[in-house]
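Chemist: One line per chain: the protein sequences are A and B, in this order. Under the working numbering, residues 1 to 546 are what the first sequence spells out, in order. Under the working numbering, residues 547 to 715 are what the second sequence spells out, in order.
Note that these hints are calculated values from the structure, not bench results. Treat the hints with caution; some may be incorrect.
[Claimed, not checked] Covered by chain A, per the in silico footprint, the following chain B stretches (three or more residues, Cβ under 8 Å): (1) 580 to 586; (2) 617 to 625; (3) 642 to 654; (4) 688 to 695.
Predicted model only: the values in this text are computed from it and were never measured. The beta-carbon is built from N, C-alpha and C at its ideal position, and this holds for glycine as well.
Residue strings, one per chain:
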Amino acid sequence: MTPEELDQIAETEREQQSHFTQRVNVCVAAGCLSCQSQSVKDALDQEVSKRGKKEHCQVKGVGCMGLCSEGPLVSTSNGVLYKKVEAGDGVGIVDSLDSDPVSRLVCPTDVPFFQRQKKIVLENSGVIDPDRIEDYIAANGYSALIKALTEMTSREVVDEVTKSGLRGRGGAGYPTGLKWSTVSKSVGTQKYVICNADEGDPGAFMDRSVLESDPHRVLEGMLIAGYAVGASEAYIYVRAEYPLAIKRLRNAIRQAERVGLLGSSICGTHFSFKIDVRLGAGAFVCGEETALIASVEGKRGTPRPRPPYPAMEGLFGEPTLINNVETFANIAPIIRNGGEWYASIGTEKSKGTKVFALAGRVENTGLVEVPMGISLREMVFDIGGGIPEGRKFKAVQTGGPSGGCLPTECLDMPVDYESLAKAGSIMGSGGMIVMDESSCMVDVAKYFMDFCMTESCGKCIPCRVGTYQMHRILTAIGNMTATEQDMKMLEELCDLLKHTSLCGLGQSAPNPVVSTLKSFAEEYRAHIQDKKCPAGVCGQPVGETV
Amino acid sequence: MPSYVAKPIPPNQDKRWKLIDATIRRQGGHARGLIETLHTVQEAFGYIDEQAMRYVAMSLRVPLSRAYGVATFYHFFTLKPAGEHTCVICMGTACYIKGAPQLLDAVQRDLGIGPGETTADKKVSLLTARCLGSCGLAPAVVYDQEVAGKVGSAAIREHMKKWTTRHDA
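Could you put the whole structure together from the sequences, leaning on the hints where they help?
Modeler: Shown next as structure tokens:
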């Protein structure tokens, strides 16, 4: 593969696509697929060939269009988005290509949900066919890799990423450029790149959508990372619970190997790179980097103390770069447009955009990409469309089991790493779950503690025993049998776990409790003193999940 | 690797062992391929029994205790055969907020089994998932690999009824 050959592929693909004057894109990401979007696509396909329009009308399966709650989604070349499409609507949609839109199915796109977004990571989602590398190449795909390989030294690539101010999108927000530069300076016979796609946070599905909608984007980011740090082997660690993402990733890797974008002497340079998929097996703790490494090595996923950090001693004892899916997906545009361009988006300390999975008690649920610094109020009420059924907003939960619940007072806070941390939550990987007055915060805290208790790997005592004890107390509070003494103990345990656990799972496990204790103390009091659950959730057998 | 250690012979004539051998070969027979190999076993047989675990451990030259340790550490692996149908209820945060506990409760009461269990007639296995990532469709349920979104208690009970009565004739 040479740069000229890549141009050739892009040219041929664009030439072929220019024959199509009409286009119908059907979302075939997991959300819409589970609403039968495949049968919608088949029906459209059939209708188009029946009318003999195959020559100039293209029906394409594309990635996620974002508004998952209204799926299956279909978009057409006359700029109309259709929602809740059924197979029977195929005729009408094909008709509409030459006339007026099918008004019954139209999903308005001039609403904040679409207008407020800024798409960098998701720019190709819902536009290209995730199963065809040609489509990705025609959309400027792999041009950043070519640019890095032919015009930049590995040092310059690292500098560009540093300049962009990109921070790890997996949750902790460690500066990506700094991580890359540490790995590139480490000495080892073999270096590795690992992509963390073990999206374990319940309520988060950004990484899955990126992998399903634009897998090549992630591969390109990994390739550039490999070149920058001097690695030649890479692994993508994906949850086994994401079969479609795994299928599309494997397919993408095969295609990239076929055209010579993966393998030896890529683009006639000395750079060789291979990527392998490793399946996770359902352990939340494997999102922690040292546990993930143990899992890739075929062992139980238990973390180990750091240092040494994986950047020095990681996979098989060699220097290893671990980044999250979304981090890698940001790399190609940064190299293409320059670090300064990326740094111009977002806030002073949190640059660029962030993809959020908006879910829970909110009108519009789905995937959104917004510039950093947007306020929570805009997220929930403008983009999210507010709370359904006229109920009252209560809290928004970010960061999964390691994050916290942010109450009404925090609504005008900007969404960035620092502000969220200051409010007692974390950015996390991007799950954002809205709760209304029907949720009891004690129950929510118990839910997350149950999660951490079950997912604790058992290696260190504070986490293994502490999460169990905290869960026991929270259960007692839920059953209205807790005392003031228990509350004191709960607070003590929060502090203990935070400061003495081995890894991030245990250290952050108290966050949901701490944040609800801070903002919703009166609910805890009502359970203990008045033996009442204000939301009417606790004390009933339903809701018990233990 | 010492060459005098003979490669173990598959426990029986079942053709599916070839799939497991293929995975082991692809991993170079190395212990680091343990999780991948267990995935193949589960895909081929539906679960990982002691016989399969012994075979994998011997083939990869790891102690049986390590194979067992790994197989029990990860939730995805199951050591028991599943029923004819499986119903997975997502317990992710979004689903939890939107009523997944009520769904679980309804199925538990109807079938008389808890999560991770199979009905006595081996018809239905009930499982819970941490998060399916279908949060936009909460609450989500997987009926035999098919994801269904925005499921209500009535719908799930009806589905269970269909599964438990259809083959009775």
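Chemist: When I compare C-beta atoms, does the stretch 688 to 695 of chain B have three or more residues closer than 8 Å to chain A?
Modeler: Our answer is that it holds, as 4 residues pass the Cβ test (under 8 Å) against chain A, meeting three.
Chemist: Under a C-beta cut-off of less than 8 Å, do 3 or more residues of the stretch 580 to 586 of chain B approach chain A closely enough to confirm the stated coverage?
Modeler: It holds, with 5 qualifying residues against the three required.
Chemist: Cut-off 8 Å, C-beta pairs, minimum 3 residues; does the coverage of the stretch 642 to 654 of chain B by chain A stand?
Modeler: holds (count 7)
Chemist: Tell me if chain A covers the stretch 617 to 625 of chain B under the three-residue, 8 Å CB rule, please?
Modeler: holds (count 5)
Hint check: no violations occur; every hint is consistent with the structure.
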